[in-house]
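From just these sequences and the hints, can you work out the full model?
Going left to right, the sequence shown walks through residues 61 to 260 as our numbering numbers them.
Hint data in this document are derived by calculation from the structure and do not stem from the laboratory. There could be a bad hint or two in this list.
[Claimed, not checked] What follows is a list of derived Cβ distance ranges for each label pair: (1) Arg169 / Val258: 21 to 31 Å; (2) Arg226 / Arg93: 42 to 52 Å; (3) Tyr123 / Gly155: 31 to 41 Å; (4) Arg208 / Ser254: 19 to 29 Å.
The structure presented is a predicted model; accordingly, all values stated were derived computationally and were not measured. The beta carbon of each residue, even a glycine, is placed where N, CA and C say it ideally should be.
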Amino acid sequence: MTATPSDLLLRALDVPGEPPLRPLPAVVTELLRSLGAPPRLAAHLRAVHDVAVDLADWVRDRYPDLAVHRDAVLFGAATHDVGKTLHPEELSGPGSAHEAAGRDLLLDRGFAPALARFAATHASWDDPAVTIEDLLVSTADKVWKDKRVPDLEDRLVRALAGATGREPWEEYLALDDLLARLGADAGRRLAFQSAFPVHP
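Structure, rendered in structure tokens:
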């Protein structure tokens, strides 16, 4: 018996995965179901969201006095590529049309601009107006597959050091250790994503 596209999407959203991946926020799961999202996109969003949970929790624990909107980071990670439902060719090839399209899709669905923005900002961490939340979403979108981006990491280190008064080298070492640990499971996350088709 062949799995239907909706069956594959439900599996991508619900299968525990290896390593076990946390579920997406319920509102995002419902959104992806209503859009008939490609299964591979759902799997990708779960992988990035899972890493974002670890990043956000690390920031919360290491920087208890730093005001970071954890729920916004998790929503941003869970929806950063939602525009690829409109540009599925960008699931398997390059392109940035999904960024503005994703933001507009979320706005059209009634999500607040403060949440919808991540779909458009996750690839533009060099913007002067970028927030720590934006940097965390961008970092999760890279480190889930163990990709290290020095400019992005330096920007995050400067933001953390500036917020705490600690030395940048100290923050770099702590962040580097975390990203190395998160990157260790990249192969299994990639295998989870690859198990689902781009086009059902």
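For each hint, the structure was consulted:
Here the CB-CB span from Arg169 to Val258 is close to 23 Å, well matched to the stated 21 to 31 Å. Between Arg226 and Arg93 the CB atoms are about 43 Å apart, so this pair conforms to the stated range of 42 to 52 Å. Between Tyr123 and Gly155 the beta carbon distance is about 35 Å. The supplied range of 31 to 41 Å therefore holds. For Arg208 paired with Ser254, a C-beta distance near 21 Å keeps the hint of 19 to 29 Å intact.
Checked against the numbered hints listed earlier, the structure breaks none of them; every hint is satisfied.
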